[in-house]
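Quick note, the sequences are listed as chains C and H, same order.
The working numbering numbers the first residue of the first sequence as 1 and each following residue consecutively.
The working numbering numbers the first residue of the second sequence as 1001 and each following residue consecutively.
None of these hints come from the bench; they were simulated from the model.
In this text, a Cβ means the ideal position worked out from N, Cα and C, and glycines have one as well.
There are no misleading hints in this set.
Restricting the straight-line Cα-Cα distance to at most 25 Å, the calculated cross-link-like pairs of lysine to any residue (SDA-like) are:
#1 H:Lys1146 to C:Ile328
#2 H:Lys1146 to C:Thr332
#3 C:Lys331 to H:Thr1094
#4 C:Lys331 to H:Leu1096
#5 C:Lys329 to C:Gly21
#6 H:Lys1146 to H:Gly1093
#7 H:Lys1146 to C:Asp6
#8 C:Lys329 to H:Gly1092
#9 C:Lys329 to H:Gly1093
#10 C:Lys321 to H:Tyr1154
#11 C:Lys331 to H:Ala1150
#12 H:Lys1146 to C:Phe333
#13 C:Lys321 to H:Thr1094
#14 H:Lys1146 to C:Thr336
#15 C:Lys329 to H:Ala1150
Residues on chain C that point at chain H, a partial pick, calculated with CB under 7 Å:
#16 Tyr9
#17 Gly185
#18 Asn188
#19 Leu189
#20 Ser192
#21 Thr194
#22 Arg199
#23 Gly200
#24 Asp203
#25 Ser204
#26 Ala207
#27 Leu211
#28 Trp214
#29 Gly267
So you can see what is in the structure, the chains are spelled out below.
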Amino acid sequence: MRFDYDTSYRDGQALLRYGSGRAAYAVLALLLLAAPWALGKYYVGEMTYLFIMCIGSLGLMVLKGYTGQVSLGHSAFLALGAYAHAWMLGKGLPFALSIPMAMGFTALIGLVIGLPAIRVSGLYLAMVTLAFAILTEHVIGHWDAVTGGFNGMSVANPVVFGFDLSGLRPFYYLCLGLLTLVLLGLVNLMRSQTGRAFRGVRDSEAAAYGLGIWVSGYKVLAFVISAGVSGLAGALLAHHVRFLTPEGFGLFLALELVLMVTIGGLGSLRGAIFGAVLIGMLPVFISRIKPMLPEQVSKQFGLEIFVFGLILVLFVLFEPKGINGRWIKLKTFFQTFPLYRKDLFKRGKTYMKSERYK
Amino acid sequence: MTMFSVRNLSLRFGGVQAIADLSFEVAQGEVFAIIGPNGAGKTSVLNVITRVFDPSAGSVHFEGRDITQLARHRVVNAGIARTFQNIELFEGGTVLENLLLGRHRFGHGNFFAQWLWTPGVRAAEAASQAAVEQVIELLDLAPHRKSPVAGLPYGVRKVVELARALAARPRLLLLDEPSSGLNPEETRDLAFWIDDIQNDLGVTVIMVEHDMSLVSEAADRVLCMNLGQRLALGTPAEVQSNPAVIAAYLGA
Ligand SMILES: Nc1ncnc2c1ncn2[C@@H]1O[C@H](COP(=O)(O)OP(=O)(O)OP(=O)(O)O)[C@@H](O)[C@H]1O
Ligand SMILES: [Mg+2]
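Construct the complete structure from the given sequences, taking the supplied hints into account.
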């Protein structure tokens, strides 16, 4: 049984205030650092891919999970980041410059899209962002001179300060490092004024205005940050796939990203990571179990989409707070042992003596 | 001394005249109540003051300044905070997080400092928490500090909303039916708190209220509205005994 017992405001600020939490993250860090030396080539590549998807998922989480704005078009920001980065590398720009510039470029596009998009919300916003993704895919497919069109475009190796990081392990560490940086930056941002304002805009615009939060400004800011982070994911993805084609950034990717943040648990960075790992692993998992399935099932076209949909439905029905919600319950179970009650997380209906007294 | 005034204010929604040529003044340090039957336009007055709606005519003045054209998110910086008739809390957060949002208008470091969680940002966050603790103390919210607001009883949620408005350190506080849905015990607490807010914090209060006993107890003056117009204005006793007011309430 554990009680939070703050003796100073700094106690409440600490990210990992208990030794057990610090130890757990230290073990995780060691495992991730050691993994490329213990795992086979294929899995190192897969994990690198998961790191990149984690960055993409974090990007969308800022927009969808924290400010409550849906986007069905985030594949476009990844595509723009990937193509901008590949193009700049092709023009001879160094990697260390091209990455921030690609992020800046997608952030700028995020601003351009965000300014009109924040006028609408819900289904309309979903449609606007979807249209943006389709348009982007179309432009990339037809602007042969810059993007190579449907013939594709090759991506130069990532060379950072003279070191070629295109090898399996170096690129793994590069992606892990950048993911860590993005995650820490977002953790900080989400626990300060900006993150609070985002959540305020999401939960009540009326109250947000009343407390001095410039609602439209923060909505656009969420678009900009989200697009910039997604651009980074795109740029790294470019190196991972080594050859860019417009189809690589289609609506299926946009859908995967939405699933990651929804299943992971909206409004939580940890959830974005959980979701990205689960959804990112799913295609591999499905292809692994395919041979074990009866012929009629495994031959079905669209098996992946079906499984994705099924998982989404199951989560919406049984765990709307996503994997992160499950995680918190599990943790609470151990921390409050043996006092955990099954209905501890049921939305409290605590009535006062005379609720709604008239 | 007049701190706040509304001059010849009108607001139309299509065919509905929600506010019709309304004028009144509120003195520094006063608790000013607005009463009136349902649909009289009371909430609309607060909404025009906080710039939710543009008035069709008239003006709003606060501390010698015309705030009729102020941007909606700048109203609190001018010194005016409010609560809502239908509670508007940040449902995803705890009581503490809701109150910290009340401190939004105070500096918490620039964007990049926040990104890096610099010592300056940490100090500003701690200062905001300290300020919020004072409000928690004042309104007896300590037992709920870390509770998610979504699960709190209705009465406590109303207090959290009041606390959040106070965390913004307003000089003028607008309350929209603060006692609706409260039990008699909670309403009595509320009367004491309004008294504290007026006398200890020196905050001027405009409150829309249905409960006449609370109005009599807490308010210095009362404005009674009907159909967007001013029906009567005076001390609680004067307004309550005004024949036009009685007629309006009896459903004329
Ligand atoms: N956003 C709106 N659009 C159209 N009409 C509105 C709007 N808000 C208020 N009204 C109308 O304006 C009139 C005044 O409404 P208001 O909410 O100010 O009344 P009120 O005095 O606060 O009533 P109550 O005691 O029920 O809260 C009503 O006729 C209402 O229907
Ligand atoms: Mg009202």
